[in-house]
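Asks: Okay, here's what each chain looks like letter by letter:
Number of protein chains: 2
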Amino acid sequence: MAYQLHYWPGIPGRGEFVRLALEAAGADYVDVCRGDAQQGLGLPAMLHVLQDASVPRPPFACPFLVDGRTVIGQTAAILLYLAPRLGLVPQREADRLWAHQVQLTIADLVQEVHELHHPIASSLYYEDQKAEALRRAADFRRERLPKFVSWLEAVLQRNPGNDAREVPRMVGARLSYVDLSVFQLVDGLRYALPKASRRVLKKAPLLTALHAGVPRQRRLAAYLASGRRLPFNEEGIFRHYPELDA
Amino acid sequence: MAYQLHYWPGIPGRGEFVRLALEAAGADYVDVCRGDAQQGLGLPAMLHVLQDASVPRPPFACPFLVDGRTVIGQTAAILLYLAPRLGLVPQREADRLWAHQVQLTIADLVQEVHELHHPIASSLYYEDQKAEALRRAADFRRERLPKFVSWLEAVLQRNPGNDAREVPRMVGARLSYVDLSVFQLVDGLRYALPKASRRVLKKAPLLTALHAGVPRQRRLAAYLASGRRLPFNEEGIFRHYPELDA
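Top line first, the protein sequences correspond to chains A and B. Reminder that position 49 of the first sequence reads as 38 in my numbering, one-by-one numbering, no gaps. Reminder that position 135 of the second sequence reads as 124 in my numbering, one-by-one numbering, no gaps.
Worth flagging that the hints you see were computed from the coordinates, not collected in a lab. One or more hints might be untrue.
Said to hold, decoys possible - Okay, the calculated beta carbon distance ranges per label pair:
hint	chain 1	residue 1	chain 2	residue 2	range
1	B	Arg131	A	Ala201	55 to 63 Å
2	B	Arg154	A	Gln28	53 to 61 Å
3	A	Pro73	B	Pro149	48 to 56 Å
As the list claims (entries may be wrong) - For lysine to any residue, the following SDA-like pairs were computed, each having C-alpha atoms within a straight-line distance of at most 25 Å:
hint	chain 1	residue 1	chain 2	residue 2
4	A	Lys192	B	Ala42
5	B	Lys119	B	His229
6	B	Lys136	A	Pro33
7	B	Lys136	A	Asn151
8	B	Lys136	A	Lys192
9	B	Lys192	B	Arg208
10	B	Lys184	A	Ser112
11	A	Lys136	B	Arg131
12	A	Lys119	A	Lys192
13	A	Lys136	B	Ala214
14	A	Lys192	A	His103
15	A	Lys136	B	Ile0
16	B	Lys191	B	Glu224
17	A	Lys192	A	Glu224
Even glycine gets a Cβ: it sits at the ideal position worked out from N, Cα and C.
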């Protein structure tokens, strides 16, 4: 049975980290909210799982994955579940745990990127918290972004064999879901904060090489060129507000 | 060999979620940063793992756990690793994944509690972002706290058998690490935001019963009465600033 991915239909957001894994592995999946409500898909199908009291183990939020009777929320937990089934993580328990740990740290950074434009409340418009966003973004560019990027670069530096690889890997020697997530993360940062990203990435050659190399994987290249790939936009997590960049 | 827990010595913070699991299981562990630097413990031992380039897989931040050659960062990942070894999670993969998913959602709430007093930057004092904190806290009390609490209550309601249990369980029929984390979360919320917490907990009888019942477990009761249990304080994540409560 096909995997069902449930996520907001108009933004890449957190759903894209799962979508990239499904696409890179050539997995059979349904992008539920982008389907037709007449066929039991669309937003109502997602809202049912989130809101109906008959669901025994309701996710707190999307994205979530439905695989038969299993419902899994939390982006990193979805990838922890999917990656062994898709061949996108090494076999050893220690490697899988390390991959998950890196993924959770990526999730923390993604959350901070969201807080950039919503430092006060997700329930308010950006325009209603712009003064606070300007302050938060200045700190993010100065303190947080360099800290996360230098950690990601250190992970790449310390992964044995990366000096000899054309495309470095985050965990192990082969493409893993963590590489896909790092690709998406760097892509989003370059969209949202082009100036600040260019500055920090100058000091991160392995991360830059990973971002350039990952999308050359055959299936991923086809996906990225397709209509299934959603562009970044100002409804999502990675938003380009020029006043927040410098 | 004893587990090594690495975390800031003066606050319960995120380290407490791991400590509660170790204590409830009666595990052999060393609380590294609270030990003596003369004996190779204390803060320098933690900073070595975080900062030394010889560490092959460095955590991004504390808490982290060292178990022989395995180093695990990210609170929820530490508990994912530890719980089966400590007998604090059901056996079935689906149950473990659900427990992890709930734990990751608790982690999201803990992060929002931190952002309450640091909405602009962790690198600034609370006093330097108090105006923003007042605004953020108002939204948190009105929107976010009730949403998280009603989800936690729904998880308890939908866990079969909880009506008949004196102390309800988050996952399965026996005490799990998720119960311990929820206990700590409710404890922290009651400390930080006593008025807002009282209001939302009135509508969450199972959550209230869990919080009251968990600390009666024998080992946990001994731990909570010991000097090993750190009190909440205004250096930690759960801080009581009366102006943020209402």
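Asks: Now look at each hint and say whether the structure bears it out.
Replies: How the hints compare with the structure:
A hinted range of 55 to 63 Å is violated for the C-beta pair B/Arg131 and A/Ala201, which are about 45 Å apart. Separation of B/Arg154 from A/Gln28 is about 42 Å and departs from the stated range, judged on CB atoms against 53 to 61 Å. Checked against the given bound of 48 to 56 Å, the beta carbons of A/Pro73 and B/Pro149, roughly 29 Å apart, lie outside it. Under the criterion of a C-alpha separation no larger than 25 Å, the hint pairing A/Lys192 with B/Ala42 is consistent with the structure, at around 17 Å.
Our distance criterion of 25 Å between C-alpha atoms is met by B/Lys119 and B/His229, whose separation comes to about 13 Å. Distance check on the hinted pair: B/Lys136 and A/Pro33 sit about 20 Å apart at the alpha-carbon level, within 25 Å; holds. Distance check on the hinted pair: B/Lys136 and A/Asn151 sit about 44 Å apart at the alpha-carbon level, beyond 25 Å; violated. Restraint check: the Cα-Cα separation between B/Lys136 and A/Lys192 comes to about 41 Å, which exceeds 25 Å; the hinted pair is violated.
A threshold of 25 Å between alpha carbons decides the hint, and for B/Lys192 with B/Arg208 the separation of about 30 Å lies outside it, so the pair is violated. Proposed proximity of B/Lys184 and A/Ser112 is supported: the alpha carbons are some 22 Å apart, at most 25 Å. A distance of roughly 33 Å separates the Cα atoms of A/Lys136 and B/Arg131; the hinted pair therefore is violated under the 25 Å criterion. For the proposed pair A/Lys119 and A/Lys192, the alpha carbon gap of about 30 Å is over 25 Å, so the pair is violated.
The straight-line distance between the Cα atoms of A/Lys136 and B/Ala214 is roughly 39 Å, outside the 25 Å bound, and the hint therefore fails. Taking the CA atoms of A/Lys192 and A/His103, the gap is about 24 Å. The hint holds against a cut of 25 Å. A distance of roughly 23 Å separates the Cα atoms of A/Lys136 and B/Ile0; the hinted pair therefore holds under the 25 Å criterion. A distance of roughly 29 Å separates the Cα atoms of B/Lys191 and B/Glu224; the hinted pair therefore is violated under the 25 Å criterion.
Distance hint between A/Lys192 and A/Glu224 is unfulfilled; the C-alpha atoms sit about 30 Å from each other, more than 25 Å.
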